[in-house]
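Peer 1: Residues per chain, in single letters:
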Amino acid sequence: MEPTTELAEVAGFPVDLARAYDPQTHLWVLDQGGGRLRVGLDALGVETSGTLAAVAFIGGGTELARGEPFGSLEAAKFVGPFLAPVAGRLTAVNDAVLADPSLVERDPYGAGWLVEFDTTGFEAPGTLVAGRDAVNAWFAATVEDYRIKGLVAE
Amino acid sequence: MCDFGRVSARRSQTLWHALAHGVSAGAPPTLSFMRPARPYVGLGYHRPAAEVDLAWCREAGLPVYRRKAGGGVVYLDDAQLFFQITVPATSLPAARGAALRHLLAPAVAAWRAAGVDARLDPAGEVVVGEIPALGIKVCGHAAAQIGGAVVVVGNLIERFDHDAAARVLALPPDARAEAARLMRRFVAATPADAATFQSAAVAAYGEALGLEVVPGHMSSDERRHLAHLDVHFGTARWLAGPVAGRPLPAARTVKIRAGVFVVTAEAAAARLMAGVVGDKVERAVLSAPEWNGTAGPLAAGLEGLSLSEARSRLAGAGAAGAGLADALAGLRLTAA
Numbered sequence: 001m002e003p004t005t006e007l008a009e010v011a012g013f014p015v016d017l018a019r020a021y022d023p024q025t026h027l028w029v030l031d032q033g034g035g036r037l038r039v040g041l042d043a044l045g046v047e048t049s050g051t052l053a054a055v056a057f058i059g060g061g062t063e064l065a066r067g068e069p070f071g072s073l074e075a076a077k078f079v080g081p082f083l084a085p086v087a088g089r090l091t092a093v094n095d096a097v098l099a100d101p102s103l104v105e106r107d108p109y110g111a112g113w114l115v116e117f118d119t120t121g122f123e124a125p126g127t128l129v130a131g132r133d134a135v136n137a138w139f140a141a142t143v144e145d146y147r148i149k150g151l152v153a154e
Numbered sequence: 155m156c157d158f159g160r161v162s163a164r165r166s167q168t169l170w171h172a173l174a175h176g177v178s179a180g181a182p183p184t185l186s187f188m189r190p191a192r193p194y195v196g197l198g199y200h201r202p203a204a205e206v207d208l209a210w211c212r213e214a215g216l217p218v219y220r221r222k223a224g225g226g227v228v229y230l231d232d233a234q235l236f237f238q239i240t241v242p243a244t245s246l247p248a249a250r251g252a253a254l255r256h257l258l259a260p261a262v263a264a265w266r267a268a269g270v271d272a273r274l275d276p277a278g279e280v281v282v283g284e285i286p287a288l289g290i291k292v293c294g295h296a297a298a299q300i301g302g303a304v305v306v307v308g309n310l311i312e313r314f315d316h317d318a319a320a321r322v323l324a325l326p327p328d329a330r331a332e333a334a335r336l337m338r339r340f341v342a343a344t345p346a347d348a349a350t351f352q353s354a355a356v357a358a359y360g361e362a363l364g365l366e367v368v369p370g371h372m373s374s375d376e377r378r379h380l381a382h383l384d385v386h387f388g389t390a391r392w393l394a395g396p397v398a399g400r401p402l403p404a405a406r407t408v409k410i411r412a413g414v415f416v417v418t419a420e421a422a423a424a425r426l427m428a429g430v431v432g433d434k435v436e437r438a439v440l441s442a443p444e445w446n447g448t449a450g451p452l453a454a455g456l457e458g459l460s461l462s463e464a465r466s467r468l469a470g471a472g473a474a475g476a477g478l479a480d481a482l483a484g485l486r487l488t489a490a
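Here the protein sequences line up with chains A and B, keeping their order. Position 84 of the first sequence, counted from 1, bears residue number 84 in this note's numbering, the numbering being contiguous throughout. Here this note's numbering = 1-based position in the second sequence + 154.
These are computed hints drawn from the structure, not numbers from a lab. Certain hints may be false.
Some, not all, of what chain B presents toward chain A, calculated at C-beta under 10 angstroms [to be verified]:
| no. | residue |
| --- | --- |
| 1 | Gly198 |
| 2 | Ala223 |
| 3 | Pro242 |
| 4 | Ser245 |
| 5 | Ala248 |
| 6 | Gly251 |
| 7 | Gly301 |
| 8 | Val306 |
| 9 | Val397 |
| 10 | Ala469 |
| 11 | Gly472 |
| 12 | Gly484 |
| 13 | Arg486 |
Just so it is clear, CB atoms sit at the ideal spot from N, CA and C, and this is done for glycine as well.
Taking the hints into account, I'd like the entire structure generated from these sequences.
Peer 2: Okay, structure coming up:
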């Protein structure tokens, strides 16, 4: 069953306040039960990446510590890593975004999800921003900071 | 600053990847220069190796190396001076476009100091020429985050072999000829003296980063990593890359510069080749058995249209046109 998405607008960007977020990578994390977490790029991550030309993921089954790369993305001829926001075993990748990276831009909280991890037996995620008020405050402050720095449009 | 001078083709890739490893591990920001002693072909990180005419390259003695940075298939030779600026990722703006501009701006200053009226255009290309959005590209650039370091690579083109650059592409002859035609128009060598450019780049990057630039050398850790990369970059697995096994799409592009592409599409026995300049189809060739005698006028009718308009026109041109329109539906004209 596909997860439900309840988008709020925060500082002009869509945000699902019910998800957890890694502030370092702008990846969202959605608990799907049974230790399974789905991961995708949040709207600010999409905005600051630019038009995505390509994404790639490492092989399913790989065990990763938090902060290790689980794939890569390319925008504006700039290749960067996707860094795992949690420790776990990579159990699924979204083939649809491999074929069409624009899905990440068009539907970052839905069809544009990236990968899933099974975190059973791994260390619990510790530094994610979670909870509606905390997510709202963190996202709004980050957008404000980026606007002051001229990184996103007013 | 590390000036490696003339190095082997493989080393002209592995050296800067090793420097990025070093900066990621705490080495200071590093500006490096090198030129390959022999011609070879470079392949962007996410591009299928099948985009290179590997058989022809093998026969011509041209090695092919994948890089960790983005972009497409490029031809490199000793008439191009390559520079790389490598800095900690934490020192850069969080937006990729802003980070790229930050690290390319000193190179533009160096061109200007060397007498070339270069500028960064809105798409982030280093260009010369009168047309604001479609200047002539004088620097091929790409970037990568490798560990905790970001490296931007670029080149000063003293001479550019447009025919060789087009020949290494795995394209049908008409598409390759179109690529060569557009390269001649939109990619150019500059008259800048390489030594003058290099001195100016050292000064400009030092000023931009607020650092005194001093001659340096690779650390023992970087040398160890270099030895590893020298082997790794020669493996079939590295050449296959992260997209190994993915088929080439039915429609694809070869980017000449931002906004200038050669598009090829196939659907059953139908085929399209188009040169696209500034979102307009400038030249088109169509073929399909069902268009016997009418393909020429149909192709001519695409010229001057945007690619999306051309797609709509094709969608109404029988089964062959509908197939090509479907193939074009998944195409994105990105900066890569």
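Peer 1: It remains to establish, for every hint, whether it holds in the given structure.
Peer 2: Quick rundown of the hints versus the structure:
no., hint, result
1, Gly198, "7 angstroms, holds"
2, Ala223, "6 angstroms, holds"
3, Pro242, "14 angstroms, violated"
4, Ser245, "13 angstroms, violated"
5, Ala248, "5 angstroms, holds"
6, Gly251, "5 angstroms, holds"
7, Gly301, "8 angstroms, holds"
8, Val306, "8 angstroms, holds"
9, Val397, "6 angstroms, holds"
10, Ala469, "19 angstroms, violated"
11, Gly472, "26 angstroms, violated"
12, Gly484, "6 angstroms, holds"
13, Arg486, "6 angstroms, holds"
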